[in-house]
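First to last, the sequence lines map onto chains A and B.
Counting from 1, position 434 in the first sequence corresponds to residue 434 in my numbering; the numbering is continuous, with no gaps.
Counting from 1, position 95 in the second sequence corresponds to residue 95 in my numbering; the numbering is continuous, with no gaps.
Hints were generated in silico from the structure; no laboratory data involved.
Incorrect hints may have been included.
Said to hold, decoys possible - If you anchor each label on the Cβ, the simulated ranges turn out as follows:
1. Ile11(B) - Lys423(A): 35 to 43 Å
2. Ser381(A) - Gly37(B): 15 to 23 Å
3. Ser381(A) - Asn249(B): 53 to 61 Å
4. Asp221(B) - Leu360(A): 51 to 59 Å
5. Asp221(B) - Lys357(A): 48 to 56 Å
6. His82(A) - Ala109(B): 29 to 37 Å
7. Glu51(B) - Lys357(A): 32 to 40 Å
Everything numeric in this text was worked out from a predicted model, so none of it was measured.
Where is the CB? At the ideal position from N, CA and C, for every residue including glycine.
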Amino acid sequence: MDLKEKLLSSFLVFENQLEDDAYMNDVRNDAIKAFEEKGFPSKKEEAWKYTSLNSILKEDYSIFPKQENAIEFSDVKKYFIHDIDSFKIVFIDGKYSSHLSQTTHDGMDICLMSAAMSKPKYRLHIENYFNKVATKDSLPSLNTAFSSEGAYIHIPKNKMVAKPIQILHFSTGNESAVMLQPRNLIVVDENSHVQIIERHQSLTDNAVLTNSVTEIFANKRAIVDYYKIQNDNLNASLIDNTFINQKRESVASVHTFSFGGKLVRNNLNFYQNGERIDSTLKGITIIGEKQHVDHNTLVHHIEPNCESHQDYKGIFGENSTGVFNGKIIVNKEAQKTNAFQANNNILVSDKATINTKPQLEIFADDVKCSHGCTIGQLDESAMFYMRSRGIPEKEAKALLMYAFSNNVMSSVKIPEIKQRITKIIANKLGVNMGFDL
Amino acid sequence: MLKIENLHASIDDKSILKGINLEIKAGEVHAIMGPNGSGKSTLASVVAGKEEYEVTKGTILFNDEDIEDLAAEERAHKGIFLSFQYPVEIPGVSVTNFMKTAINETRKAKGLDEMPAKDMLKLIREKSELLEIDRKFLSRSLNEGFSGGEKKRNEIFQMAMLEPKLAILDETDSGLDIDALRIVANGVNKLKSKDNAVLVITHYQRLLDYIVPDFVHVLYDGRIVKSGGKELAHELEEKGYDWIKEEVNA
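Produce the complete structure using the sequences and hints provided.
And the structure:
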């Protein structure tokens with residue numbers, strides 16, 4: 001039985017166990033129908049031209065992990081940003097782990113999707129926000145049909161959330177192969193500010209496929225900073241679907257750090273529904289072996305006087321492949337839009353590949369849009385300059401790569417994340433730099 | 001310290017150096033002058049270990065060791081320093097971090113531990129004062145947006161930090177106004193001792209008023225065609241290079 005059939009038949013079982021109301025029942029049924037019609041995306045689709053899911057769909061994934069698995073904090077501490085105080089929402093094989101988590105209902109809700117879906121007091125919120133910004137494409141639909149757990153965050157208006165929120169998904173490898181479909185809903189009301197860190201981590205070499213959906217609503221003048229740390233092991237694949245709906249004068253940024261995983265696809269969509277909105281999408285990708293990382297971004301400028309900034313850096317070694325597909329749509333009404341997009345890549349191996357494709361659809365006439373993509377090698381004259389100062393070739397290369405990715409790091413607001421990313425990069429490049437950028 | 005014998009070097013099969021002989025002893029200052037295109041910068045790059053150049057004949061001995069097979073960083077670890085004519089901009093790496101990396105990598109190569117942060121700061125403070133460098137300057141990206149003079153001063157600052165045995169200054173005077181020239185020369189002179197040596201490569205004599213050479217060599221068409229004392233530099237300044245060319249071609 002192929003994965004699609006397995007998922008469709010599993011859905012029948014899953015649906016029978018649920019105690020959904022009519023609303024959720026309809027949402028799920030529409031979603032599974034959409035998935036059934038469209039199936040998994042293939043390379044024939046323009047948006048999937050350079051990314052094939054074939055190799056990861058072959059595994060015999062278990063859809064519902066059978067046993068509950070516990071892990072000790074000491075074993076997984078290194079995957080947390082642990083040197084700062086934070087809220088934590090932690091899942092093990094898709095199930096909530098209360099002993100690793102630190103949630104709150106004190107003036108705001110930093111808790112579980114399962115609670116939000118089942119408790120009457122959240123009903124209205126779910127109806128207003130759940131599945132309202134996610135697209136109806138096949139993979140988000142598949143997630144919608146099966147969504148049962150994830151993070152639910154609601155920050156009411158005028159609140160500065162003092163501590164960052166960490167969302168961590170661990171897979172224990174107790175099943176030979178597992179498919180996970182976390183679903184996060186984040187609503188940040190007027191004038192509020194929240195910082196979120198998300199990470200998916202497999203703890204063994206067994207195959208994992210995560211099809212994650214995160215919906216974020218940044219209401220009027222809200223500020224949302226989201227950091228995705230993708231440094232999973234080489235048998236774990238991730239399809240990350242993140243949708244952000246911004247209201248007027250809100251500021252939202254997503255930084256995606258992609259170092260690990262077998263195949264990673266980031267679908268990141270921003271919708272600007274209001275004036276004077278600011279959106280930032282930044283990423284650093286450093287991969288090797290046969291890794292594949294695909295950034296597929298959309299910024300939809302719907303109303304006037306808004307800005308978007310995209311800056312993605314990639315360093316590709318060995319047989320790795322990278323994809324950057326960045327689409328900017330500027331509606332006719334969205335005059336005075338400032339939209340910037342840059343994608344710079346360095347190939348450090350003859351066998352590495354990068355496919356980069358900017359797509360601009362501009363219907364307004366008074367806009368500033370710029371885009372640029374570069375693909376290059378490391379600068380030879382800079383290499384000689386550094387080596388003549390006693391910095392060996394490997395370290396010189398690493399230093400240049402740091403330098404190359406540094407302007408993406410400069411907008412990271414949490415110093416501990418900066419330090420962690422620097423450390424991961426140093427590790428990845430096999431050097432000890434002796435300083436933090 | 002440095003002994004170059006019958007050195008031939010080429011780039012992309014184009015022969016640039018055609019039999020250089022030069023010996024520099026500890027405590028000496030040598031100057032190499034010559035018209036544009038005579039091979040001055042090539043000589044500097046070949047000694048520093050730039051891989052694009054191929055040594056086709058001859059040897060370079062540094063403290064009696066043949067350095068032909070050594071990488072640029074290994075030559076640096078042995079005490080060869082090149083002040084670049086055109087220092088490379090490295091956005092995203094601060095001057096301080098660059099120097100920390102260079103010093104600690106050199107120490108590592110010598111089997112020493114990293115320099116403690118406190119000592120590093122002290123050294124940076126001391127050497128930046130010597131070159132009259134503002135502290136703010138040190139946190140800027142290396143050479144990025146620096147003026148010509150700032151770049152050159154930064155080169156000599158790096159030299160002061162690394163304390164090389166042999167410093168090769170490639171056209172360090174170009175792009176310097178008179179104040180910067182004085183600061184740079186003063187820095188070089190303060191670092192001079194009986195144990196190290198300086199090779200100044202220049203087109204003009206004016207730097208040599210400040211860094212006074214013991215020997216002056218004229219490089220023309222890949223060969224040293226004339227050597228003398230510091231008075232040779234003055235002669236070249238007065239008469240230009242044409243008489244040298246005529247002498248050689250005669």
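Structure-based check of all given hints:
The supplied range of 35 to 43 Å is met by Ile11(B) and Lys423(A), whose beta-carbon atoms lie about 40 Å from each other. As the Cβ distance of Ser381(A) to Gly37(B) is approximately 20 Å, the hint placing it in 15 to 23 Å holds. The hinted window of 53 to 61 Å between Ser381(A) and Asn249(B) is violated, with their beta carbons roughly 34 Å apart. As the Cβ distance of Asp221(B) to Leu360(A) is approximately 55 Å, the hint placing it in 51 to 59 Å holds.
At about 52 Å, the CB distance of Asp221(B) to Lys357(A) agrees with the hint of 48 to 56 Å. Between His82(A) and Ala109(B) the Cβ separation comes to about 35 Å, which falls inside the hinted range of 29 to 37 Å. For Glu51(B) and Lys357(A), the Cβ-Cβ distance of about 35 Å falls inside the hinted range of 32 to 40 Å, so the restraint holds.
Figure legend: structure checked against the earlier numbered hints; the only hint not met is number 3.
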